[in-house]
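Going line by line, the protein sequences match chains B and E.
The numbering of the first sequence is numbering that gives the first Met the number 0, which starts it at 0 and goes up by one.
The numbering of the second sequence is numbering that gives the first Met the number 0, which starts it at 0 and goes up by one.
Derived by calculation from the structure, the hints in this document are not laboratory data.
Note that the structure is predicted; figures quoted are calculated from it, not measured.
It is possible that part of the hints are untrue.
Interface residues of chain E toward chain B, partial, derived using beta-carbon atoms under 7 Å [as the list claims (entries may be wrong)]: (1) F264; (2) L268; (3) S271; (4) M278; (5) E282; (6) E415.
Not close to chain E: a few residues of chain B, all C-beta gaps over 10 Å, as computed [what the hints assert, rightly or not]: (7) D44; (8) R49; (9) S78; (10) D84; (11) M90; (12) K95; (13) M96; (14) N169; (15) R173; (16) A176; (17) L181; (18) D185; (19) I260; (20) E262.
We treat Cβ as the ideally placed atom computed from N, Cα and C, and that holds for glycine.
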Amino acid sequence: MSAVEPTGQPAANTVVRPAAGGDLLVRSSGVTKRFGGLVAVNNVDFNIPRGSIVSLIGPNGAGKTTFFNMITGFYTPTSGEIEFDGHPIVMKRRNKMRSLRPHEVAGLGIGRTFQNIRLFGTMTALDNVRLGANVHLKSRWWDAALRTPGMLREEAENRESSMDLLRLVNLEDRAHAWARSLPYGDQRRLEIARALATKPKLLLLDEPTAGMNASETRDMTTFIRRLRSELDLTVLLIEHDMRVVMGISDRVTVLDYGTVIAEGTPTEVRRNPKVIEAYLGRGAADT
Amino acid sequence: MTTLVVKDEDPYGHGIGGWLSHVGAVLFGIPDTYRRELRLHRPRTIALTIMTVILVTYPILNSMFLASFSRTVFPLPLPDDTTVTFMMIFGIMAIGLNIVAGFAGLLDLGYVAFYAIGAYTAAFLASPHWGSISIVFLANVPQGFPGIHLPFWIIVPIAILIAGTFGALLGAPTLRLRGDYLAIVTLGFGEIVPVVFRNLADVTFNFSLGPLTLAVEHVNLTGGPLGINPIDAPYLPFANVIFNASAGYAPVYLGMFLLVFAILFARNLERSRIGRAWMAIREDELAAEMMGVNTLRTKLLAFALGASFAGIAGSLQASYLGATTSDFFQFSTSILVLIMVILGGIGNIWGVLLGAVALTYVDKTFLPYVGQQLQQIAPSFPNPAQFNFLFFGLILVAMMRFRPEGFLPNRQRAAELAAHTQADVEAKVDQIVAVDSQAETEAAIDADPSIVLDNTGPPPGQDETGPDARSPETTDEEREL
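The following block holds chain E by itself, in its conformation from the complex:
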């Protein structure tokens, strides 16, 4: 029976000490795990090792000699440091959107809003924007410098909190909506946030509540269309490294560092009771609710956690570029991240990462390169870099036709997609099977005269829709039951 085996000693330990020893065990277990993998799946492990080493050392190799080979030896240009940094930023975003759209199955078309919120958080907390005050704390600027200057390492957790809070605030009233309606509301939010940032350049308001009066006159909150700059670059004290756009490959590793955390968090969440609840909601929200999953809270959690990943990406982007304006946060960015997720393989962390890397490359290196080449051959021809979304659209159409589950599909999502074509066939087979066994049961009952009341029910598997189907109050969802 369902009795638990009570173990004498607890293998997991307790509290922070237990956690640290667990983390230590995992870290020290890596060599053993690696050796076992090498023994069991030799070719795969070697290939993955080589790939990882190349990817991790790529920025250094690139700055040393690969960049000079680019476009002369290789047929295609290699991505430069800026592009690789953006691969990391978009990788974090794609992993975050994958939590919302991939794990929980909620379509979020306004994801860029949280990216913007992350970027403006960094801008507010590490720039001379608030010129009338001076708060400098552990930052790479002299004391007494105007504005708030916090270090990047403090800004990231704040951005996570703020973006996550906005995710929850948007989610709380809207997650009762489903499907298309949720998409429309998030779309609206994605449009509103950048517009708010663009227009809060000259704020005047007067608010009084009893003795409390708050009056503001002509205050520039967000820098308007010009945005906010300069934003302090992330800075590593002692080692004296600055991670800005002119720092070469250093910011790539900063991005990689944050990306690794994003991957770990997302993966851990996926393999937990919360991940299972998200999957269950995606499959059958009603059954999940009936099985005790608080669907509203679980969806809200997906929304808030997904948003906080965009907060990380946004603060990294703003700090890296050293400036932010609302123009960076167009609707097209939401769509771009969504295409990354779909293209790479919705629901699979490695898939969406691949999607982010591939599309950032196409967007920032490949298309400009093709444009350059075209300019030399046919100067009057329009530059393809201006039509990037045309190409993304074509790629998406081709993918939907030939590989709708993405490059590296999530097994479950692939099966769900396949189910749409197979569902009819399966349903028919089930019906036939059910009818057969029903006939068998009836035959058995006929042979048994002790039964007074015979089968009078509906054919098995058929819903009792009678009163519900006609009721105007019943929603589609209720009718399903």
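Just chain B, same shape as in the assembly:
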């Protein structure tokens, strides 16, 4: 640990800015995360309107995943505020920043997928989805040990709704296959089904089309749009495939070196010289 924290940044603004209009599901202001001397995310204000698809893009190491991890309670921000659906995810207690634990955040209604697929490989596809619903199951260990009527009913309902989710992602005939025996694209969809089982209001997708070919990418894009319209979801994407980002996002936020360099509709962001510079270098922006 470095003994002295760099104090180059002014104290983060801790006042939540009024909503820019519309109903905000996530509001965050002045979010900063330092790892030792390195500022991974620097004073970011970032809001997600309810029912929208928002993308977070930026070059490698721009702090996208770090920001993701702060929303899910995995990292505690060095300073700043994050609020989800009216519940603070980060709070200051006894002068120390504290964050809800990831399972509490999941319980509030944030489901996520991972950049590298992290399914439970030797559990069946169905059990993977059933695990996602764990946070909403009420039965306790004594119910489980005695197989009480309530527990059996809950298990049956859980099984039924998990099968519905598998049907939604077209995996119902692979329900009893091990997750890791599924093809790559199926695993990506299974991960989404597992995230949906947590009954999220906000779905965080970390590079959902990574490693997919053009037609699989198209399918995934259609699928994400369908999710939003059918399940009333709000979606936050991290994505490198610009066709996906430009195709489905309502709003795009561009991070570079931990700060927001542009924000707006896909068309606005695409024309922004700062963005072109960050991605393609100064020369590209000038021409």
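Assemble chain E onto chain B, guided by the hints.
Frame of chain B, contents of chain E only:
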């Protein structure tokens, strides 16, 4: 969509009545299930039936005539009642440790501590140890007899509670540790508990808090190195059966009875949301936490429930032997139970049971028999029964070489073991596949001029480790993400 079908009538019922009718339905359904099994898997069902009948009637057959055949007709000695009773005791322990180590994947090297706690619970509650008071309740001793005497049937639930509480107490501060560190802490706990029992023979302390003063002088709490005896044997009123070491096959059936409950409980837990959460934690703790599993509480539950099984085993052992001393609860017993679990098939209830039966047989019947035979042939040769752990070690090495997943493996655990050798290959294949599809996507984008910003991201599947990897604050676990 994810709408639930609302059924007109509830097939599960409610409350205790619903539970009883469910249990009744399961019990009355057994003949039907059996007939169906017989029709579908005839040879397997018949073989299992014969095996079960032999196992269940074995103690009676043994006492009737098998024992006299032993060592004359059969090439190997048959286990006697004591050995079979210990098979049941170790079976309960192995099933409990399997919850901790097999289901939840937590390495517990101090499991014997909970065994000791169970045994001393029985010793405190059913012996003349507390000679200055006399509490006799439904026990097989005359009223007014010195000491606390509760019946075994009450002691078992108390032992479950106390051992489970100690499991939770040990788990609460330590389960944040992972892997090797947890193993070391549990190892320490396993060493401390017997030492505490050995040394609390002469307690003097003075504790005062305001008006409350608690002074104790030269009180023998645990009987010291001599332990506590005699402990009341389990006793079945009306039928007038005593289950102690000289009661023949009766205690075997007591052990079997408790073992059946242990199997049922463990199996039910495995097939529930808690079992799934344990499996998920074992596979990927971080992903489980992100999916809403309270990993700390779930692991604590595994620890406490596992410990309570050892509490049952401990109280049975102490009541059966009629005495307990801290010498029974060595580190080697922890290791023995762990070997049973690994040898039988970690994660599989029937596997660990087989491991418990096999190793108890080797330990208590086979090796002493070989020793006896050797003494007759070569008296100067060391007795192999004194080197039992040498043999267990050899067995373990052989198993790890030829069948690392155990006799009756759990399918998932076997796959996880195999994954360690296959992982590299699979990872490489994935990479190649990913790179191929990436190239395809890029080609498609090149053909599509409407895209201004091209792919500038990292190769798919590669982590964004940039800031995290260099940070001294980031733990290994965080870097994985």
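Checked hints:
For E:F264, the interface hint holds, the least distance from its beta-carbon to any beta-carbon of chain B being 5 Å, beneath 7 Å. The beta carbon of E:L268 is positioned within 7 Å of a beta carbon in chain B (closest approach about 5 Å), and the interface hint is therefore held. Annotation: interface hint on E:S271 holds; nearest CB of chain B at approximately 3 Å, less than 7 Å. For E:M278, the shortest C-beta to C-beta distance to chain B is roughly 6 Å, which falls under 7 Å, so the interface hint holds.
Because the beta carbon of E:E282 sits about 4 Å from the nearest beta carbon in chain B, less than 7 Å, this interface hint is met. Proximity of E:E415 to chain B holds as hinted, the smallest CB-CB distance being about 6 Å (cut-off 7 Å). Listed as a non-interface residue, B:D44 keeps its Cβ farther than 10 Å from every Cβ of chain E; the least gap is roughly 20 Å. The Cβ of B:R49 sits about 20 Å from the closest Cβ of chain E, beyond the 10 Å cut-off, so the non-interface label holds.
The beta carbon of B:S78 sits about 15 Å from the closest Cβ of chain E, which is more than 10 Å, so the claim that it is off the interface holds. Remark: the non-interface label on B:D84 is consistent with the geometry, its nearest Cβ contact in chain E lying 16 Å away (cut-off 10 Å). Non-interface status of B:M90 relative to chain E is upheld: no Cβ of that chain comes within 10 Å, the nearest being about 19 Å off. For B:K95, the non-interface assignment is confirmed: its Cβ lies about 14 Å from the closest Cβ of chain E, beyond the 10 Å cut-off.
Residue-level check passed: B:M96 sits 13 Å from the nearest beta carbon of chain E, beyond 10 Å. For B:N169, the condition that its CB be more than 10 Å from all CB atoms of chain E holds, with the nearest at approximately 14 Å. Once the 10 Å rule is applied to beta carbons, B:R173 is consistent with being away from chain E; the minimum gap is 17 Å. With a least beta-carbon separation of about 12 Å from chain E, B:A176 lies farther than 10 Å from that chain, consistent with its non-interface assignment.
Once the 10 Å rule is applied to beta carbons, B:L181 is consistent with being away from chain E; the minimum gap is 12 Å. Distance check for B:D185 against chain E: the nearest CB is about 13 Å away, which clears 10 Å, and the non-interface claim stands. With a least beta-carbon separation of about 13 Å from chain E, B:I260 lies farther than 10 Å from that chain, consistent with its non-interface assignment. Distance check for B:E262 against chain E: the nearest CB is about 16 Å away, which clears 10 Å, and the non-interface claim stands.
Hint compliance for this structure: every hint is met.
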